[in-house]
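A.B. asks: Just so you know, the protein sequences line up as chains A and B, in that order.
Per this note's numbering, residue -19 is the first one in the first sequence, and the count goes up by one each step.
Per this note's numbering, residue -19 is the first one in the second sequence, and the count goes up by one each step.
Quick caveat, the hints were computed from the structure, so don't treat them as lab data.
There's no promise every hint is true.
[To be verified] Restraint ranges, calculated between C-beta atoms of paired labels, are given here: (1) B:Asn386 - A:Glu350: 54 to 62 Å; (2) A:Lys42 - B:Pro374: 35 to 43 Å; (3) B:Thr190 - A:Asn247: 22 to 30 Å; (4) B:Asn247 - A:Lys212: 57 to 65 Å.
Every residue gets a Cβ at the ideal spot worked out from N, C-alpha and C, and that includes glycine.
What follows is the residue order along each chain.
There are 2 protein chains.
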Amino acid sequence: MELNIPRIDRALNPETVAVIGDKGPGYTWLTNMQTFSGKVYSVQLDEKEIPGIEAMGITNYKSVMDIPEHVDYAVIAVPRRVSPFVFRDCVTKGVSGVGMFTSGFAESGSEEGVELQKEITQMAEDSGIVLLGPNCMGLYNPNLGVRFMVEQATGYSGDVSVISQSGGHAGGIAAMANSNGVKLNKVVSFGNGVVLENGDWLDYFAQDPTTRIIVMYIEGVRNGRSFLPKLKEATAKKPVIVWKGGQTPAGQRATSSHTGSLAESMNSWDAVIKQAGAIRCDDLEEVSDALKGLYFLPPFSGNRVGLAGGTGGQSVSMTDSFSKAGMEVPVLSNDSLDSLGEIMQVIGASYNNPIDIGAVNRDHFDEILEIWANDPHVDSLMMQFTPGMYRRSPEAAESQINSFINLKKVGKPLFAVLHSTDPYNDAESLNIIDNMLKEENIPSYQNYDRAANSILKIINYYRNKQ
Amino acid sequence: MELNIPRIDRALNPETVAVIGDKGPGYTWLTNMQTFSGKVYSVQLDEKEIPGIEAMGITNYKSVMDIPEHVDYAVIAVPRRVSPFVFRDCVTKGVSGVGMFTSGFAESGSEEGVELQKEITQMAEDSGIVLLGPNCMGLYNPNLGVRFMVEQATGYSGDVSVISQSGGHAGGIAAMANSNGVKLNKVVSFGNGVVLENGDWLDYFAQDPTTRIIVMYIEGVRNGRSFLPKLKEATAKKPVIVWKGGQTPAGQRATSSHTGSLAESMNSWDAVIKQAGAIRCDDLEEVSDALKGLYFLPPFSGNRVGLAGGTGGQSVSMTDSFSKAGMEVPVLSNDSLDSLGEIMQVIGASYNNPIDIGAVNRDHFDEILEIWANDPHVDSLMMQFTPGMYRRSPEAAESQINSFINLKKVGKPLFAVLHSTDPYNDAESLNIIDNMLKEENIPSYQNYDRAANSILKIINYYRNKQ
């Protein structure tokens, strides 16, 4: 459909928000909006609920029509039977956009739900109102403090936008991004997407000058044929990560009761993602890893990786992981090997790549790393750190992490693996190491496979662009 | 080779231990042995080191020959050039077994290293001494407090034995097992394995009545043809997890400088593992996950899984993961669906499997779980828990975890996924949930894929046995 860009802009960057139908004791949606930088109004008819709302310092009206100014974004959280009436009011009032949390429509499989969805769809189409939903979490705009979950960070502006049919996955991707230090622009959860759906949101964010990277969680597209050209066009402008949910017949049964999406063959999805040059991810962790790499690393397309920081068995494992993922783990150049041979004691260490810096060679740590990093055979550099090292000596560990950070001057992409055999109990040290690296825009991964697979996705994306 | 079982028994279950060549300031090996239940002696010639050793309350001798009783297990940690002399003394003394930490032999690629290794091999072969190594960490026996790393737990007896060419991976597998609540019997790291190698240790633990499960990390076997029958025979008796390091040409280059293992085609390894009916794992996490499941779950072979505990998008994802791994996610029986239909409000929940228990249905949590668990279409039960749930209300979360634990009465295998978008910061809650489950012998996994893949490995193992 033809997008009304200014209207979507206004809905997603609201100055006034109305929450319709929020209820105590928690007043979830009004609580979510406590960080909103603009004006929040409540719309609630139920006399029992109004005192609680007013106690929060929020003005309540009996109808959205009564709000004495323009409403840019409204959350509708009323029972499904009431939703058409409330939605009609929003249309009449000229509200820019609506996030309709209410569920129980076509995805419920009930006749009543299907009928109610038709009614809402018709109104939205006729009016051109920007409708997120129904059956969704709506909008998260960290810069303006518009949230759909109370844990969501606000007060910063970023350049990654997320399009998701699932509210849970929209929340999950956002939470992972926030904890990874990836700054978000907007997150839209749009559930059944009866008017604006995947292709529309993709078009919008592809043209949005404030969006540098797009992430999508898709359960189904209404117009399959038009989606490929849209994805191609978006990918030509900026990286698009695509996670398709419902990859198996049983998974598609689950999408149908989740957002009412129809089954589509995963083979054709494979082809679409590949042809468009988008970045395919198959679960939340893959999305998180690929996004982190895209966000922090400069564009690069060389797949020869330098590896360091493991003991013998770990050197074998990291080599297997990166090689199996499709990256090259080359032997260093003869010049490097000669220089390393002069510095390193051969016993208890190996240095042809991976570099396994035995304890006897710790005194030459910086020298060894610099030879390794400057080797002409390697395009990017991965170093492993362990929480055990940190626990035994924070000073020694920090000094080694800083030696790695110092390699930024070489100009090659740097990334890390934080290897732990007990991630729950090691969390404190892991967090410290992760934060040190994050502050320097160095992404870290939880194991070799996750690192290798996500880095290769990024390399392949930039190779396709060439 | 013909194994001298009583001699190996004695080496692995020592009453006296000698540490040869330990040095200050840390005295690593003597410190490791502080938990040993028997008698520890030190052997050290260097007058500068002796006062430190004696200050630890340990008697030092100039030669192993001088120790006034039989030595069951000796750690050799001297420079490589000295090692043949020290080793010869052990042979002469009639020491039962030696863990030779000293490295720099064939794996170094140097002529001197190759020669020294030959010398040691010859002595070991001629004498029949039980040699772990060289270039290894040796023995970890938690029951007797023999350790090769100071962090290793002791004072319990278990029934899982680990055979590893890599000391790092032996330590990693042991650490993961300990943190998962899996009780270990013995862990042997044997590095270059110049006499006793993979097949020998496999034979030993296959016949060992105190070992229920065997885990192997293999870099290379010296006699490829004899290994398959050994693995078949062991697998007929007990589950054997096999992790082959050096799966790629680059990875094999790394094994060669690690334990001097020769390159072998991964295709033939695939075939060997499959034909023998062993359980193939490709990294530390896969080993940890498969071991945890084998250890805690009863034998079972039905691959139809019941899933619960996610919201809509997560239900789609868990279904995709389990289906892609090769498990079946069946729709529940009509009887169950009818019963659930009477209890559950359809809006905001789905219950055909996965069961997505919407907030409106929390009052009927136990009833819903019991119908789901008793459904004749499902063979095993997976429930997801989140640290967010725990943070918001520990009581509510614990009550739900207990409801799941309560399903043990149904008699089907139970396992869990602990879903987190921020594992480092969620660690405290994750640990609490994990511990509650572990105490009830319910294994938990960090994500759907890891759960699905490891459970399927276990099912396939028991299917092969049928």
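A.B. asks: It remains to establish, for every hint, whether it holds in the given structure.
C.D. replies: Going through the hints against the structure:
1. B:Asn386 - A:Glu350: 54 to 62 Å: Distance hint for Asn386 (chain B), Glu350 (chain A) holds at roughly 59 Å.
2. A:Lys42 - B:Pro374: 35 to 43 Å: 39 Å, holds
3. B:Thr190 - A:Asn247: 22 to 30 Å: 51 Å, violated
4. B:Asn247 - A:Lys212: 57 to 65 Å: 38 Å, violated
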